[in-house]
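Visitor: Combine both chains into one complex, guided by the hints.
Line by line, the protein sequences give chains R and E. Under our numbering, the first residue of the first sequence carries the number 25, and numbering increases by one thereafter. Under our numbering, the first residue of the second sequence carries the number 50, and numbering increases by one thereafter.
Watch out, some of these pointers could steer you wrong.
To be verified - Rough simulated footprint, nothing fancy, chain E against chain R, three-plus residues with beta-carbon under 8 Å: (1) 92-106; (2) 154-165; (3) 174-181; (4) 232-240; (5) 307-316.
Unchecked claim - Restraint-style ranges between C-beta atoms, simulated for each label pair: (6) E:S326 with R:A183: 40 to 50 Å; (7) R:Q279 with E:A255: 30 to 40 Å; (8) R:A90 with E:G288: 39 to 49 Å; (9) R:R115 with E:P254: 55 to 65 Å; (10) R:H212 with E:A255: 24 to 34 Å; (11) R:E295 with E:R185: 56 to 66 Å; (12) E:D131 with R:G137: 27 to 37 Å; (13) E:A360 with R:Q279: 51 to 61 Å.
If you're looking for bench data, these hints aren't it; they were derived computationally from the structure. Think of the CB as a built atom: it goes at the ideal place given N, C-alpha and C, for glycine as much as any other residue.
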Amino acid sequence: MTAEPITTPRLAIGPVLYYWPVEQLRAFYEMVADSPAEIVYLGETVCSKRRSLNLEEWLEIADGLAARGKEVVLSTLSLVEAESELKTLRRICENGRFLVEASDMSAVGLLAGGVPFCTGPTVNLYNARAVETLARLGLRRFVLPVELSRDTCAALRAACPPEVEIEVFAFGRLPLALSARCFTARAHNLAKDDCELRCLDYPDGLIARTQEDQPFLTLNGIQTQSAQTHSLLGEIDEVAAAGVDVLRLSPQSRQMERVIAAFDAARRGSEADLAGVAPLGFCDGYWRGEAGIAAPAT
Amino acid sequence: MELVCPAGSLPALKAAVEAGANAVYLGFRDATNARHFPGLNFTDAQIDEGLRLARGRGVKVYLALNTYPQPHNWPQWEAAVDRAAALQVDAVIVADLGVLDYATERHPDLPRHLSVQGSATSYEALRFYHERFGIRRAVLPRVLSLAQVRHVIEHSPVAVEVFGFGSLCVMVEGRCLLSSYATGKSPNTCGACSPAEFVRWEETPAGRTTRLGGVLIDRRTAGETAGYPTICKGRYEVGGKTFYAIEEPTSLNTMELLPELMALGVVAVKIEGRQRSPAYVRDVTRVWRAAIDACARRPAGFRPAADWSAALARVSEGAQTTFGALHRPWQ
Chain R
25 MTAEPITTPR LAIGPVLYYW PVEQLRAFYE MVADSPAEIV YLGETVCSKR
75 RSLNLEEWLE IADGLAARGK EVVLSTLSLV EAESELKTLR RICENGRFLV
125 EASDMSAVGL LAGGVPFCTG PTVNLYNARA VETLARLGLR RFVLPVELSR
175 DTCAALRAAC PPEVEIEVFA FGRLPLALSA RCFTARAHNL AKDDCELRCL
225 DYPDGLIART QEDQPFLTLN GIQTQSAQTH SLLGEIDEVA AAGVDVLRLS
275 PQSRQMERVI AAFDAARRGS EADLAGVAPL GFCDGYWRGE AGIAAPAT
Chain E
50 MELVCPAGSL PALKAAVEAG ANAVYLGFRD ATNARHFPGL NFTDAQIDEG
100 LRLARGRGVK VYLALNTYPQ PHNWPQWEAA VDRAAALQVD AVIVADLGVL
150 DYATERHPDL PRHLSVQGSA TSYEALRFYH ERFGIRRAVL PRVLSLAQVR
200 HVIEHSPVAV EVFGFGSLCV MVEGRCLLSS YATGKSPNTC GACSPAEFVR
250 WEETPAGRTT RLGGVLIDRR TAGETAGYPT ICKGRYEVGG KTFYAIEEPT
300 SLNTMELLPE LMALGVVAVK IEGRQRSPAY VRDVTRVWRA AIDACARRPA
350 GFRPAADWSA ALARVSEGAQ TTFGALHRPW Q
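Bound conformation, chain E alone (with noise of 0.2 Å):
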């Protein structure tokens, strides 16, 4: 099972691969990639770098191009594809179905993944994408359950990646439209959900208050920590209560399910957080690699060691960590 870790920066990728990732990813610094923040991600210069840290080490690279050009922005993508392609990475990470058929005829021979953001939630998806445009490998979106996952596995013409860590989207990822509904851009469009220049953080007497393009996400009093203001983890009144509606704040923590995505036949578990600091990244790597490993030694009697738990919370959004819906409680 592949190891594969998110690279934000080159500080962070050279982090990945010294902590034990069998994989990173990471994206240009444009809106071509789901992580277009301020700060983050690579010149071309620093993936001829990357690229020669992670080979040295015989780590792959995976490159995402993973939003939806619109005709004003499509030149960009297709000059993304070709630059992809000239650095040989080992594989893009594509969403969107004109992307796809241009790197298909174009690059024939650069490997495809289906991203996650391309929300293929069943095999007849996969075996679409599959046959139209020959990807090898797919991301599978954060809402399957472990049986669904097995029954997608089971009937998939191609390998399934899963997400093990990280920031949980409770949304069907490539097809959640709430933060352009606040701001008027969309991981899809722009590749960043709720961008940090429309959060406005406020001290009222009520309490601390966040807002997204002026809607007002949450308030919390004294003590209660505040997270990053998504609309799926703000606190709403519905029929006369404030709770949080959609989902609480809290983190995908798969690591006790090892042994079955390993049975299953899951080929390679992501890390989330290329927004994230290079030492997270290096954090987080360093208990997957300890946990991926152990697990493979022994998978019968594998549980997470304690101090492995322990990393991983201290680093996690929210004070709880999740199955998400590989698990479901609430089902």
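Isolated chain R (complex conformation) (with noise of 0.2 Å):
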């Protein structure tokens, strides 16, 4: 692609998908204060069993990223059925200090008409429509749902309000369903109010193979993710042409310090690769307007 960059793309580190342990959130999050990324999302999206932190610790870390100059914005769970859920999802909500991404359409409820707020890739907006209906009620920046396309994305940057800014799942394995069932839990035939926080032993979700041996999916409790890791990082010039505000890298267990620099170099126009970083291979079939699971052009 030779077109030139509108303007460069901040980088945002997603949520943490996985359950790790506080002493790796900590870790974690002391190498992102340091890093290039402008924008951190915090807090639990998956499975309200994880319980590494509670909120107030969260609001201590993301006291630390602020004060380092990061924009902090705190995610809420993706489905949420509980009461005791619900009475979590209001009090993020209900912070006051930081902006908040929601993740389904209670905390869009919570949110709408009140404060600014922030949407992730498990709230639908598909069409300029749906994106103006919410940006009346104070929507400021939308993670584009990760299955639609390069195309889709720089029709909706032309037809959305302007103040709305367009986040693109830059890299990482794709959120792909939900469910109010645990697969990891499954796994291990064990019930899910019994699951002995499995997921702790699985750092990046636990790969579920094709009979003929293909990665294919990543259990990550009741979430489902793409075996394979979605990049961006080639076109990352066309990602900018489409008028891409920010980059969401989201985070892995190893090597995401070496991500987002070469996210980093990428946006500003200097060589960079991923060799290495995806064990089971890069795709990017979404942004081109094909199958997800489809690898990128070599």
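Guide: Below, the structure written as structure tokens:
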């Protein structure tokens, strides 16, 4: 692509989608604080049983990151069912200090018409009228649903209110589905309520392969992700040209510092590569309007 | 309690109406609804005929407009809402915020239901849709337990419909992209999960393989029945074992829970299966009509009759049925 980037997109660190112990989370956000990423999303979005940090502790990390110049956003649970989950959700939405990223329509409902807010990849905004509808209620930025293409992204940019920013999921295993059931517990023949917190054993999820050994999905508790790592590093000029304001890098347990550095270099027009960062391979088909699993052109 | 039955075609609509449905739901013959399969759904002339048939028997007609338009095809959804209003259907079943906003502004008197594809799992979400778009009813995703359904209903500003019978989505509807990960097409974008043009069946020495978009979903030996290859019902290798890593191929059947569902105040039970045959619709509608009537007369002693269960088992996908999330043995 020869198109000149219109603006240099900012880098955002998405919420950690896995169950990491507290020391690992703290070390991760220490690294992030010193990184060139401008935005950091914090909080538990997958399973309310994961409690390495409570809300107060998340807010302490948020304060620390904010003090080091980061824009901090609090992300909410993607699948909200229980009253206890609504209670936590209300506390997050009413935190009064940080922007909130709604991950489902319960959060959108609590935020709408009150404070400015963002939406994450599990809130469905597929067209300009949907975006405008939420913009009237305070939407400031949204993550493009991961299955949408560059053409749809560019069309949305052209049609949506200019003050609403577009963020694109640019790196990481794709969040594909949510269930009330826990597939990590199922893989261990455990009931969900008695899961023994097995997700702690899989800092990057549990791989499901086809019967001919093709890596296909990642089981992450109640969430199903791609096994392949989605990356738009090679298309970063095109992403910027489509009017994308923010690139989301979804955390993985290893080499995340290198991932951030690579995207930082690429957005500034320097050479960058991610060799060895995704042991099960890369994909970028969704961005090109194909099956999400399709591998990048070499 | 209303019995809401699938009408994927005019013969299926007739079958549902004659077998005792209180309402039927159907879609236009395009991607504006979540059962956009070849040969299915209604032309305008067929809808006219269907409306006439249904209204003659006092049966309501709901129109599913429950997929997610994108900028390039948005006008088609606007036109679909306008057609639905002109046809004076009893309600449109909508998922997308933009479509809801358009329908609310342009046709305020056209009743709106929130589709299961809208993915609202809490009463806070229902409050939002009610306040902003005046929805009258919401169809809950098949992921909630009975206790959770009760809690939603107790706090919901709108009537609640649940799925009673048919294929079971184990993933939260409206937010499942597994199909497009393998094929590029999903229920949200194209109105179909695992579209048929991406399915390949092959006989191999190792068994019958089913592929979706080239990805091996399952391989079966002689004697094993092969279901439709949705990704969630495939067998994969996880941690050295090969098994149904996500979901056994079972069907949803909540008939035994009817007394509880009635007591909770569920206003309608939906039968899944617009892609199924008129005979399926007739058999399932007939059995559920009898069950709802029997339960309404005497909820305390309600038990599904043996011949009802047998009739439903004959048409179920997979060998067994489940209450789905309503009852959670796996929880």
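Visitor: Which numbered conditions among the earlier hints are violated in the structure presented, ordered from lowest to highest?
Guide: none
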